[in-house]
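Counting from 1, position 170 in the sequence shown corresponds to residue 170 in the working numbering; the numbering is continuous, with no gaps.
Derived from the structure by calculation, the hints contain no laboratory data. Ideal Cβ positions, reconstructed from N, Cα and C, are used throughout, including at glycine.
Each computed DMTMM-like pair below joins lysine to aspartate or glutamate, with the alpha-carbon atoms no more than 20 Å apart:
(1) Lys92 to Glu145
(2) Lys92 to Glu23
(3) Lys298 to Asp246
(4) Lys92 to Asp37
(5) Lys92 to Glu144
(6) Lys92 to Glu82
(7) Lys297 to Asp235
(8) Lys297 to Asp246
(9) Lys92 to Glu133
(10) Lys156 to Glu145
Just the calculated beta-carbon pair ranges, DEER-fashion:
(11) Pro291 to Glu214: 35 to 41 Å
(12) Leu102 to Asp266: 28 to 34 Å
(13) Gly36 to Ile70: 42 to 48 Å
(14) Glu73 to Glu23: 26 to 32 Å
(15) Pro232 to Ala158: 23 to 29 Å
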Amino acid sequence: MHILTADSASHFAQIALGHVRREYPHSGNLRLNSPGDLALPHQQHPIFYGSYDWHSCVHSYWLLTHLLRIHPELPEAEAITELFNEQLTADKVVGELEYFMLPGRQGFERPYGWAWLLKLAHELALLPAGAGERWRRNLQPLAEELAGRFTRYLPKLAFPIRSGSHSNTAFALTLALDYAHQAGDQALQQVICARARRYFVDDQDCRPWEPGGEDFLSPSWQQALLMQRVLPGADFGVWFSRFLPDLAAGQPSCLLSPVGVTDRSDGRLAHLDGLNLSRAWCMRRLSAELPAADARKKLLESVASAHLQAGLAHLQDDYMGEHWLTTFALLALAD
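Just need the whole structure built from these sequences, with the hints factored in.
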């Protein structure tokens, strides 16, 4: 079984440290209201200007935070601490928050970037007292703003977004729920659980049209992972059996086979390496809750291992994958 070793943690940290302050190439999603909206990435985003785009930079900070927590003796720990001391300051967080507050940016990075920022805040809160508390406290105003936006947005979302990329509702709610539990944000927790039930609790006999050619998330597995978090154990067991009734027989096969990538220099086509990793994350979490005698447990463990191996082989083939794939590898390995 794949595990996160000290050596692999160090390697992951080196990859992330190599791009969190790499400003170019950069991809941004910006609505222009005036010529004054034009600015360089580091001027728009005092903290999260690297790693090709805002959300990838945010989840790279999450990766570094997680590694610092579980491997505090990492050779890269000093570099991570110096980075956070320089970047996660109150003044720079104000600059990030100001960007969100300008007209026309109510939906900036919704929901994917919002969810990763909350996941970062959650991880910072798990660090030992000391510097970690200062970093968490500095980031908290931005976390509270995005948590509030989630709370207001979800009741307006009449139907879940079941895409295999950034707009996927189930993925965002899974990450945001971690924050809501840790932060004691009852309003966010309640709206996530209520909307998850509304969106997904009646789904059954899954017959997915996936993977798509540019997916890095599996709508079916992400939905199952979210419902595992939302439903009590016995209720989830009933739901899961109804949702994937033929899983023990290896069906639907399209959810169980690792995928290949035809061109890793193409950022969208390279998403499929991430699909292998995110599927592995979901399947490992789901299998962990199944009884040892359940045939689906061994199946999911085996399939997850195959997906993980397929993804781990290509973390640094091209910068289009390098700037984000390690995060999804860590999601799968850390659990």
